[in-house]
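K.L.:
Chain by chain, the residues run as shown.
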Amino acid sequence: MTSPLSDPRQSRTFRFVRHAYADGVAELAYAFDDGAELVERITFPGAPAVPAGREAAFAAALRLLHLVAGVSYYKAGIPETIVVEGEPLDEESATLADALYLHGLAEFAYRNGLDLRGRIRFPFSAPRPAPPASIGLPKRSLLPIGGGKDSVVAVEAVKSIGADATAVWVGNSPLIAECAARTGLSTLNISRELAPGLFELNRLGAWNGHIPVTAINSAILALAAILYGYDSIVFANERSASVATLEYEGQQVNHQWSKGFGFEKTLHDYLHSHVAADLDYCSLLRPWSELAVTSAFARLGGDYFNVFSSCNRNFRILGPKPADRWCGQCPKCHFVFLALAPFMAKPRLVSIFGRNLLDDEALAGAFDALLEYKDHKPFECVGEGAEARAALAALAERPEWREDALVARFRREILPQLDKAELALEPWLTPGASHLVPERLRGALDALG
Amino acid sequence: MACGARDGKGAMSGRWGWELGGGGWELGGGNWGRDELGDGGWELGAYFRRAPEGAGDVSNCARQALCFQPPRANAGIARPIPISHPRSFAFFPLRRNTSADTSHRFLPSHDTKSPVSEIANAPLPVNAPWIVMKFGGTSVATAARWRNILELAASRRAEGARVLIVVSALSGITDGLKQLCTHTDSKRRSDAASALADRHHALLAEMSLAMPETLGARLADLAELAASGAAELGELAWQARVQAHGELMSSALGAAFLSAHGLPTTWVDARECLHSVALPNQNERTRLLSAMVEPHHDAALSAALASRGEVFITQGFIAQDEAGRTVLLGRGGSDTSAAYFGALLAAARVEIWTDVAGMFSANPRQVAGARLLQRLDYEEAQEIASTGAKVLHPRCLSPLREPRVPLLIKDTNRPELEGTAIGPEVREHAPSIKAISARKGITLISMESVGMWQQVGFLADVFDAFKRHGLSVDLIGSAETNVTVSLDPTENLLDSDAIAALAADLARVCRVKVIAPCAAITLVGRGMRSMLHKLSGVLAEFGQLRVHLISQSSNNLNLTFVVDEDVVDDMLPRLHELLIGAGALRTDDSMVFGPSWQSLYGSGETAAPGAAWWQGARATLLTLADERTPRYVYHLPTVRAQARRVKSLKAVDRAHYAVKANTHPGILKVLAEEGFAFECVSPGELAAVSAAVPDDVPLLFTPNFAARRDFEAALRTRATITIDAMHPIEHWGDLFAGREIVLRVDLGRGLGHHDKVKTGGTGSKFGVPIEHVDRFLRLADAAGAKVIGLHAHLGSGILDHAHWGEVYSQLAALAERIGTITVLNIGGGLGVPSHPGESALDMAALDRVLTAVRQAYPQFQLWMEPGRYLVADAGVLLAKVTQEKEKGVNVRYLGLDTGMNSLIRPALYDAWHEIANLSRLDEPATTMYQVVGPICESGDILGSDRRLPESKEDDVVLIAQGGAYGAVMSSRYNLRDEADEVLLP
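In the order they appear, the protein sequences are chains A and B. For the first sequence, the numbering used here gives the first residue as 1, with consecutive numbering after it. For the second sequence, the numbering used here gives the first residue as 450, with consecutive numbering after it.
I should point out that these hints are in silico values taken from the structure, not numbers from a laboratory. The reader is advised that the hints may include incorrect statements.
[Said to hold, decoys possible] If you anchor each label on the Cβ, the simulated ranges turn out as follows:
id	chain 1	residue 1	chain 2	residue 2	range
1	B	Glu1220	A	Asp115	23 to 33 Å
2	B	Ile925	A	Gly365	45 to 55 Å
3	A	Asp115	B	Trp1181	29 to 39 Å
4	B	Glu1220	A	Asp419	49 to 59 Å
5	B	Gly1187	A	Asp115	51 to 61 Å
6	A	Asn172	B	Asp1102	28 to 38 Å
7	A	Ala22	B	Lys636	31 to 41 Å
8	B	Leu1357	A	Asp419	57 to 67 Å
9	B	Asn1153	A	Gly365	45 to 55 Å
10	A	Glu413	B	Asn1153	34 to 44 Å
11	B	Glu897	A	Gly365	20 to 30 Å
12	A	Glu413	B	Gly906	33 to 43 Å
[Said to hold, decoys possible] Calculated from the model, a selection of chain B residues having no Cβ within reach of chain A, i.e. all distances over 12 Å:
id	residue
13	Ala666
14	Gly711
15	Ile925
16	Gln1308
17	Gly1344
[Unchecked claim] Covered stretches of chain B, as calculated for chain A (at least 3 residues, CB under 8 Å):
id	stretch
18	941-950
19	959-969
20	1012-1022
Glycine included, every Cβ here is placed at the ideal spot set by N, Cα and C.
In isolation and in its complexed conformation, chain B is listed as follows (with noise of 0.2 Å):
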């Protein structure tokens, strides 16, 4: 828990890698079996699997390698452990016995197969390696977790390594000692200490321990402090000596739970290994509270600690000033303190046991689909970790840079998955993007003078008033006439009148305007300007906001947009979605990234996505290509299966399938058994549906600049008018007399995954704008028309189930002043993932958000008209390989018998569309192809950089999700055959 130390840029929860706040997520961890992971004996099997030479020959550590012999416990096989590998990074995994993997939730003392006893017997050469392992405050609180240490730490000594156990204060306790200091009478101190003893007491007696002796001294050290108070060491000095309890305490109760338990552990007081040094900008605060430590590698000291044990505990947070005096590390202070000392010792790794798995491509709370990041080199984690991710504070990765010691932060209760590997640079990858992050609260300054740069001194007088008024400047952009700073929030920026004061000062000598609240959303990774140009769809994004300052940092690891803080939070899933779909997020990497946060920790329906209906049915597939190609086929069992998941959606009165996606008379009748009503778009639709479905369904007409004749025509069916213009009630009125209309509206806003997409906002020309709604209204009740319903509809693609709140609560407050309002049609949208590792929607979530509306606003019944959802998974469109072509150095084309002529999806807003070579889906992918159609446009490609297997002419291509949006858009332009579509019962 880093004694409070995460508490610098706003209240974070320390508890998850990336600031989660609300506490609202439930770890998962319970139901993932050991089963489900496959061969999980090997913690970091997948870097042992991937470079198993580098890993294993000794004779490539050039710096330090240490052959040794573990004890051979169960299966457990010996293996050389190469220390830091100069060059490539090996994160070679000291390997884990079997035996301690498979019971490391639960090791009792009495199991005479525990590791521990085994490893007792086998004692270590002295220059054995170290592994330093950290654990925070929740990890140590109760004796459940501590018998965790001491597998894992069993474990490691098992590897053949010196264990150094790093431990934070238990749980509260760090605040307690605080709260303490702030205490004037010595009465209350002392019943606050005693308090706090009273923790470590249950503690002990849960563990069934006698009071150890070194604990004993802590307790009564920390009762005399606190009775005797500050007078005599000074307030700041006897604060840090007080809230150094912490961290003594629970590293003195630790050691006795190891020891006890078979793992002979030897307490080390960090005061006497940790020595800080004074800097010059430090003050008297800073030096006792914020201290740093600069560490080198200390033979005697690994040899001093040799010869006294070979497993060790000690405390975070804490070292010891020139005077001898007890000092606080301050942020970040117990991993920090790992890394020290895994510097000290020139570790073979330092290990950061949380409870998460690591760090994130981006925060978990703002995009489910956040991959793990698996490995990482130090200026990226750095990078990452400052400008956003919490895992780690960024300042303890320096101490490990020099002495290139692997920083390893690995889940406690998910000890089986990797984790986040941290080490130096890896240059065997691809460059990639590894994480966006988004800091919100930014206050912009921009300043505006013309001939600035002629004017000596001009830039210092600016900053200097930025000095005085107490404001630290983050990101700065400047141009011939303008100066833009961005300063991170801060109290003091929140609430006192800092930046009125600043503004004052400024405006004296430039003129000047704050831009506030702005966020900064981040792309980090090393390389990104040889990344640039992947980016144009991640930076037509941002051509739609206002971006007020851009910044790419010299040191080529970020680039950095700020903008308008309230589009974050929609933008962020989106943008880590355009750089996967960009092929800047490298996510197809599964070297560097593992699985995401969703599937790891996310609860719901989302967690293993089953394989799709067609790997099943390859066989039919090939037969039906084999008849014909190009060809749709769509698999009606998905239809039905997607329909019923919509019809779970309780809240939801009415449910339309919106039939552009797809109307084939087969799909509709599927459809309409399973209670569906319609809706459509044009007389043709009407007339399609009429002819499929039974009389008494239930059709809605909602066209979009539809002509009065269209209106005349679905005015002679059963279907509810949609209008979505102010033209028709105008100048038509007199066509919906008598008549009940529903009325689209236009919330202001549009969502979806591409522009063409989008149908709110201005920049859509569907629905009739907020402003106008009364004199609709009016011109409606002048026709003799009642409006009946309120629609709106936000895009396609959608999967972040909170949209649809927003709409129906917009909508229903909307509707409350109009009376006539019975229904509100909140649109579809629903989207499909079709990415690898993108998250499902949620529906259960998205009805509980549905639910909360609907019991606000009880008097409207609730219509919804999904179309893709429905269909898109259903249906494959599947062709044949024509030929292939090379181009370049490394451009393949494959080409296909059709291209956008059957399915423009790709062309028209570059949709991606899984595309598999139906005929080899065996054989590994191994070749990079541009999958293309024959189609004389330069446009006409299915697939960019698909990596399949090579293929050869005839082959049977299948593109995925083609039942929404394939058929129905197919043209027959170049005079090609348009594709023919098979239903698969």
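If we strip away everything but chain A, and leave its shape as in the complex, we get (with noise of 0.2 Å):
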């Protein structure tokens, strides 16, 4: 089997070829063709053994685990036949999986020219599984951090009504850890480490591109809250990662598909039907905007405004400066800026940014794809378009900011051509009805209004 890796683009079959867990390393196996096998870990700190009562649950999950952090890999070749090894699925499984892969990529697929439809298909022949039982998981929730201000919002929400959570991130990031820190939780650092392989694939010219990777994240703390017992895993996915970035050929395109309440809801009912009847996992700030989470934000105060980052692309580094945590260039930095602008003195916040970015012409095309003005919005999680016209229509309003080169720039150019009755800011500020926020963390959902 261990033929030498080849470019997977001239491959004709994925396989998932095993999973294993031991001594708190969760072990994933992949291959295209008869190539090299592919083997992604997944390291769980001081993991305890798997608790009596909860093999199946553990073993269920440990299985969805391989089926969503393989889209990593089937990326890279996007071979026509996927292959299953081991226990065949379930349709309700391979269905899952076809809608992740398929939706997941639908941004790789898009920037690389493909169309995955119809080329995605697990085989399923398994019946499906009896319900699962209640597991009897501890009532407490594991809380992803991931250092920018939504989940730093969900956070206080849920230390506010004095329930019990552990701040968890996937991955080696100095900034989440210094946010997870400020937090006052206890933490849990997951690591996971790519197959080596996918590099060298990387190099052998494979496809590469955006993956879904709240959706690897999921699966993967839904494996740590079987192993550790907690009852809930509570993101914080805010509304407008619902809507797509762009439609492509009939396709919907949102880059941010797993941060999505489709995906959010797929995944709670699988939990519930395949993998433990007591498993919640839900995102706390999925009714309301963008905006409402930053406003909400900016009533935290002070504590998090100096280590907190939304930037994606000065994650890895932490320093003292501002512009070590905030790039001032890509749409994150744009975006967050002009949400928080209506709702935090301008003094502070551009002390966070170390600049004002709207007082910078240069900015002005990419805050006009913010806006969806003359362009789509920009493949990156940012808020919805409407969001972005209302903030900058406050700020519009506002003494403090309507000279500001690009807030005076809308207001003479593209102000006129917005319908006023749409610019309202406050319709952003209450909270829509869709949400699997579980009973025992309700009173978070209340504390955010």
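With the hints in hand, could you dock these two chains into one complex?
P.N.:
What follows is the structure, encoded as structure tokens:
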């Protein structure tokens, strides 16, 4: 089986070879055709043995993780056939994987000029398993921390109702570690090591691009919840994550698909129907818009302001200067700056970013994209165009902002083309109805209002 | 520690002279032995040696002169002490006796040679001068530090002066007392008081002392105040009384310690001496907690104290009001107390003993090369203190100005350092900028209104709005239609809606724009306007920025530029360097400018720059010059040494020598032996390298605007090709089919020691802008080329290691999205210091920075391509003096037999090369020359304002750092022969 790796674009099958767990390490093995195995390892620090009574749930979650994490490898070659070795899948598992691969890789496909529709077919032949029982998970939550404003807002809401929770993150990021420490919660850092062969495949010309990383993290956390004993995984994905970035040849392309409500609901239901009846999966911020979240963040006050960053570019390296946390060049920086501006004193906001992004003429095009003016929304986790327009319209009314280059330009050039009735800020601050937050944490949901 | 007094402008570290924040600095203090400092027995030796007449001549001391005969302790020499020299600010050393100096760190009380016992035997005359010494919170917190105080006070006493020691509370005690004041519960207050008492008990135990009566009384007093609460005295008066106990206790403890160790010390209650005045703009709070004293020389007090002893200890931070209530002095409290006492006693000087040697020419955290300022006048010092330096609160200078009492800042841990001496204006020095500072977090309010000057009361209305919203205006710039003012950062500004409300108010009368975040960069120096002509290079630096406001103070002491905040960190070290290079910050004046902060406190390899190789090879070089000039000489051991420094970067997988710096085959061979790969930018360079190095040495081709035929030539070699434009991949894509290529990106910013060496940013012709990268990748894919690497290079001559970390991490973040990338090439630009006192690049720190990024992105190989770093120091240009010319009053030209034709860097980049007269290396440098070449260009100047020995025709002149971009950039302009090149193995 260990023929050397070759260009995965020439391969015909993608194989889910095996998965195993021992001593705190989950191993997930994949291969293209008969090529060398690609083995990803996920390490759960200080992991106990799989608790008695949770073995079946653990096995189901591990299998789910194997399926979900495969997306990183499958996309290298997108061969026409998918083979799942070992026990066959049931229809629901296959359907979940089909959807995840199709929609989660939609941006990847768009950017690479590919069409994956009709190509992704996970085989299934097993009957639907019996519904799982409750496995006695303790009433406490895993709160994934991303180092940005969203998870901080969610953490503080959960803290405000005194619920038991642990801040968790996957991977090595000093910024997230510092942010997690600042929450005052207990912390859990899970490490994920991609198969080294993947880098080799990339060198050999593999397809590459965006993957639905939140789905992978979610599956990792499901395993962690069973292992360490948590009854809920509480993400901080907001309403706008469900809105597509663009539509391309009839297919919705959403950069944040696995942060959207559709995936949340699918995974939530799947965990209940295939893994454990008492394991909940939800997003606390789901009813809220980006603007509502930024306004909640602004209200939190000083402690987080100088440690958080939603910027994806300067994510890895932590430094003392604002420029070490906020590159000022990426759409995340632009959007977060804009969304915080209506809710925070201007001198404070500019001190967080180290500069005033709205007074920089060179960023006109970047902000236009956020507004969906002359361009589509960027491929980043940013709010809706209408939100950005509402925020900028609010600033256009503020004497301390209205003369800044991009605000003045907005007033002059863009505002006259917009329907004033659709620019109010207030509607964005009221919650929507859909969410999957379990009863135990509803109070935290209310705390955000 | 000044009782939390330095919290006025954000969180400042009181420990360092400047705001150093995060505490990442280490004192290198312990590494400096006395041997390295030469004749360290003289604490103020430099002043003394420079002005022996003034200092020693009693008759010159017009105002007050005292003759006395200090005890002959060991070799101690008796010297008369002039007190306040009225005109020339003679900062006369009150000379220290040798034994006190050399044993200052340890002074066992049983030491029979202790200066203390000898001093105690020699009574002082009643009119002996006073020296006020102030010690802060950390200096009084341990027995070891008190031994230090004992030593220093004893040495001052040995100089023949009465000593008044002013102390702060033990570190942490004032905060504890403030905390105590916040408790409403009497039990909690008492617990807090007893915890604070325990600190003093513990220190007493460490000192092996019994409880002295004075301290016992204070502790009892505090317990009583804590138990009873504020009811009787009133809240504010009670708080002041409670907080005063920090100093009352520390001074009582100190009196006991000093007296027990042979220095009889009298405890003085500062409240008996310092009386606060009520000012009209004060309220009850400020009268009690930020009180002011207006001290005048009080001969009676001086005499009364003199009758009570010779060494005294008293409290900083506290005074008494007219009603006899205890009051606090607020910000800068203890330093201010010392100044008040200095004025009250008309002291010979006030010494502020702290943890840093004094004021520096810039914040050392931002500018490691910042120089110690050894002499300042009151106004300059106050200006520097107000605009950035935190070592001294600006308010503690004004009490000393009128009585002309000098103030000396000294490092308790390093008493041998000269420190900063602040006194009356020094007239005999050339005007110089003394310091640059930056204050961040500034908000500007720009107000625009047509014809505002015609409207009576317009400005009054405007400023009334600021007052209403509690905002205090600092700088003001005005034009016919615009007034722009600056606001310093305050919590009120940051987290309230004050700015929004202000803007709303102002918007009713004018067009308003809030510009933030800004930083005010201030140049401080007496006679600023007379230095403007030297600032053109500096102003050019500002020319690339958004300068929102320029303010030149009416007192002619400062020049302030308000710019965007994000440029400041990179800019400050450059400005400091530019000011030195422009001759505006006269670091060559060793009277004013002391060592750099880096050399005093820094760690790493830069502490003591070694002598250049050519100083040891003088004879050889003179012989070579006799054979022929102009001539380049390259010292291969220096090339090897630099190569090994680069190789010490463990994070770097492959180092390339950028051969454009020097293509001499001998140098190429040496670097190949040292394991370097080679970076070439033209087919010519590829050919030169191929001819000189073995066939298996990796090559990199990194051209700019190269022609198709250049790529064709390079593709025939083994070189990895870097493409830095869209055109080649778009139009000549076929060339690269099946090839692995590297993409040079422009990260959108540039760095470097001169405009013309910056290689990033839209003003630069290098690299593919980030927004075009995706298109480049698609084109490469279409052409069948595989992009395996990303390359960026920000510029040259960069001495701050952090920059490569930024480039590296930005490239890595970019590369992560591109699957095929395996290599990141972060370029070169490793700086080589050229000016005296400039710090070398800290390679260990650079490696740490690179390693940190590497750990985050282990999947990428790291390449670098230094050039100048490897060869600059190894080469010198030898030339001969042809003639001299004098012009004007004082301009002397020294002509050499070569100039910009051999070395164009000074003309092209304003580069600074050290110039030495090799024939007269041992003679004193007495003459200021403009060193020029024979080319018919007014720019043919190798060095301006260079102090050299008086030089003669045929003297051999050496121009240092000629190893890089020297011979390779030479020309035959004017049809003059090129310099030849010689290798020294």
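K.L.:
All hints, please: hold or fail.
P.N.:
Right, here's what the structure says about each hint:
1. B:Glu1220 - A:Asp115: 23 to 33 Å: holds (27 Å)
2. B:Ile925 - A:Gly365: 45 to 55 Å: Since Ile925 (chain B) and Gly365 (chain A) have Cβ atoms about 36 Å apart, the given range 45 to 55 Å is violated.
3. A:Asp115 - B:Trp1181: 29 to 39 Å: holds (32 Å)
4. B:Glu1220 - A:Asp419: 49 to 59 Å: Given a distance of about 31 Å, which is not inside 49 to 59 Å, the answer is violated.
5. B:Gly1187 - A:Asp115: 51 to 61 Å: violated (28 Å)
6. A:Asn172 - B:Asp1102: 28 to 38 Å: Hint violated: Cβ distance 21 Å, outside 28 to 38 Å.
7. A:Ala22 - B:Lys636: 31 to 41 Å: violated (57 Å)
8. B:Leu1357 - A:Asp419: 57 to 67 Å: Because 58 Å falls inside the window, the suggested range holds.
9. B:Asn1153 - A:Gly365: 45 to 55 Å: Given range 45 to 55 Å: violated, Cβ gap about 27 Å.
10. A:Glu413 - B:Asn1153: 34 to 44 Å: holds (37 Å)
11. B:Glu897 - A:Gly365: 20 to 30 Å: holds (27 Å)
12. A:Glu413 - B:Gly906: 33 to 43 Å: holds (37 Å)
13. Ala666: Answer for Ala666 (chain B): holds, closest chain A Cβ roughly 42 Å.
14. Gly711: holds (48 Å)
15. Ile925: Holds, because the least Cβ-Cβ distance between Ile925 (chain B) and chain A comes to about 19 Å, which exceeds 12 Å.
16. Gln1308: Gln1308 (chain B) not clear of chain A: closest Cβ-Cβ about 5 Å, inside 12 Å.
17. Gly1344: holds (48 Å)
18. 941-950: holds (count 8)
19. 959-969: holds (count 7)
20. 1012-1022: It holds, with 4 qualifying residues against the three required.
Going down the numbered hints, you'll see the structure goes against 2, 4, 5, 6, 7, 9 and 16, while the others check out.
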